[in-house]
Amino acid sequence: MSDHTPSSQLETFKGNCHCGAFKYSIQLSELKSVMECNCSICSKKGYKWVYPTTNVFTIEKDDGKLQEYYFGKKNLTHIFCSVCGTGVMGKMQETPNGQMGLNTRSLNDVDPAKLESKHFKGDALEPPYTPTKFQGSEPIFDMEGTKVYTGGCHCGAVTLAFKTKPLSEVSQSEPGVRECDCSICTRNGTINTYPRREQVSIAGEDNLTAYLFGDKHHAHKFCKTCGVAIYVDSFAGPDKAVYEAWPEERQNKRMMMVQHIPVNLRCLDGVEWDQITIKKSEGSRLEPKYVVD
Numbered sequence: 323m324s325d326h327t328p329s330s331q332l333e334t335f336k337g338n339c340h341c342g343a344f345k346y347s348i349q350l351s352e353l354k355s356v357m358e359c360n361c362s363i364c365s366k367k368g369y370k371w372v373y374p375t376t377n378v379f380t381i382e383k384d385d386g387k388l389q390e391y392y393f394g395k396k397n398l399t400h401i402f403c404s405v406c407g408t409g410v411m412g413k414m415q416e417t418p419n420g421q422m423g424l425n426t427r428s429l430n431d432v433d434p435a436k437l438e439s440k441h442f443k444g445d446a447l448e449p450p451y452t453p454t455k456f457q458g459s460e461p462i463f464d465m466e467g468t469k470v471y472t473g474g475c476h477c478g479a480v481t482l483a484f485k486t487k488p489l490s491e492v493s494q495s496e497p498g499v500r501e502c503d504c505s506i507c508t509r510n511g512t513i514n515t516y517p518r519r520e521q522v523s524i525a526g527e528d529n530l531t532a533y534l535f536g537d538k539h540h541a542h543k544f545c546k547t548c549g550v551a552i553y554v555d556s557f558a559g560p561d562k563a564v565y566e567a568w569p570e571e572r573q574n575k576r577m578m579m580v581q582h583i584p585v586n587l588r589c590l591d592g593v594e595w596d597q598i599t600i601k602k603s604e605g606s607r608l609e610p611k612y613v614v615d
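Per this note's numbering, the sequence shown runs over residues 323 to 615.
Calculated from the structure, these hints are not laboratory results. Heads up, a few of these hints could be off.
Said to hold, decoys possible - Restricting the straight-line Cα-Cα distance to at most 30 Å, the calculated cross-link-like pairs of lysine-lysine (DSS-like) are:
| id | residue 1 | residue 2 |
| --- | --- | --- |
| 1 | LYS546 | LYS387 |
| 2 | LYS562 | LYS345 |
| 3 | LYS469 | LYS485 |
| 4 | LYS469 | LYS602 |
Input sequences plus hints: build the corresponding full structure.
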């Protein structure tokens, strides 16, 4: 664990869920490392944990939008925003000194990718997690050399099937498999690939919450029960006169997003992570810049 307890020299960090319904400040002696757990929920949400004590954590704003999710032995309550899906913290049932888990992805002005990761094998804990089987019909997409990956959110309310060439091949093409550093992708911990819509079949769509912000052309969809990000749905977009004034990079991204459905690979079972090349996208450079209300 990355323990952070009070000391004589503390630095104050500010954090919030993406929509700003929940804001906090926290004092840490340093922030150099995080703990990454490979259990079922942490893997799907991409958590990067630190474990401070509650006496250094201050709630600055709380609009009552936080939602709790727990499972298994219920030793840890996972808390996320019901509006935007940001996983903020975890509360432990039995811990010394009022310790809590804080997802560093929700901090402002901190790049989680630059922090040292210490790994914990949560997948070895009992009871083992059994993913829910896909509840729908396979995608109708027809292409030689494809396979079907299935998966879903953590609680099983949403399942999906994704028909594609092996992801090891997909990751070598463009746009491939990408991890974006924009404000929402960082908080959701998503690692996306970009299939055409006919390659994906989703069951339990009614159990998804759509979160829109900025130009409101992309709906980031997550499970309303467990908060796991599933995919991004793009709308037709603004009038032609509006998007033609955008920089070329942004126009190209819009066209790709409209025709495709970015899927969060963290949702899928059996992904060959050791064979996949994950490219980095600098979404944080795009305009307009993210500013929380």
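Need the list of violated hint numbers for this structure, in ascending order.
2
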